[in-house]
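S.K.: Next come the chains, spelled out residue by residue.
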Amino acid sequence: GAVVSQHPSWVICKSGTSVKIECRSLDFQATTMFWYRQFPKQSLMLMATSNEGSKATYEQGVEKDKFLINHASLTLSTLTVTSAHPEDSSFYICSARMGGEVYNSPLHFGNGTRLTVT
Amino acid sequence: DAKTTQPPSMDCAEGRAANLPCNHSTISGNEYVYWYRQIHSQGPQYIIHGLKNNETNEMASLIITEDRKSSTLILPHATLRDTAVYYCIVITVYGGSQGNLIFGKGTKLSVKP
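Protein chains in written order, with this note's numbering: chain A, 1 to 118; chain Z, 119 to 231.
One chain only, chain A, in its complex shape:
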């Protein structure tokens, strides 16, 4: 079945450094991927929509210069957290749709990346 893979599954970095998270669709092509963030005991919040070959669309309140998204191929989207600070510590999750009609086919999620900024 459809599989979305994220790497790394967890990362610890120092404040001020940048971290890159990869999201791959393993057995299908995804022109659109979605990036979510989840803080402890809260629900998932959509950060941005990643479109292959074009600029990402960011949700209100999400800084595009801080969360850089690159969707360079149909199977890979990357999220780079630049100049990370402790408040960026969170669970980052990507998702992609296998294909077909947008509203009648499910999004598949990766297993998330736990980012801890010290």
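Hint data in this document are derived by calculation from the structure and do not stem from the laboratory. Worth double-checking, as some hints may not be accurate.
[Said to hold, decoys possible] On the chain Z side, residues computed to face chain A include the following (Cβ under 7 Å):
{"#": "1", "residue": "130"}
{"#": "2", "residue": "161"}
{"#": "3", "residue": "164"}
{"#": "4", "residue": "216"}
{"#": "5", "residue": "219"}
{"#": "6", "residue": "223"}
Cβ atoms here follow ideal geometry from the backbone N, Cα and C, with glycine treated the same way.
Add chain Z to chain A, keeping to what the hints say.
M.R.: The following block gives chain Z in isolation, referenced to the frame of chain A:
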């Protein structure tokens, strides 16, 4: 967006059916109802979705009322591994949506031995 309302928590005995309700009274005629679950520290897992007819797969059944204003997810024989937060989501089809999912708070289902 068509918003959904779910109870914050539910308990279920192991081996019994778990019936999780969801209200979506503002749903539009062409909007689908999706169910996902999230086990602690993992990404959400797709369960099932439907438009107006009842649906069944290997994981669960989805019962949608005739007026489509509410639905129920049924796990026929709950196991301890079904303990998770269950999200009922109506996928928006308006405003240039690309089919992203807006997550509410969901229902925390606790399956007890």
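S.K.: Look at each hint and say if it fits the structure.
M.R.: Structure-based check of all given hints:
1. 130: violated, 21 Å
2. 161: At 4 Å from the nearest chain A Cβ, residue 161(Z) passes the 7 Å test, so the hint holds.
3. 164: holds, 4 Å
4. 216: Holds, because the Cβ-Cβ distance from residue 216(Z) to chain A comes to roughly 5 Å (cut-off 7 Å).
5. 219: holds, 6 Å
6. 223: With Cβ-Cβ at 5 Å, under 7 Å, it holds.
Violated hint for the displayed structure: number 1, the only one.
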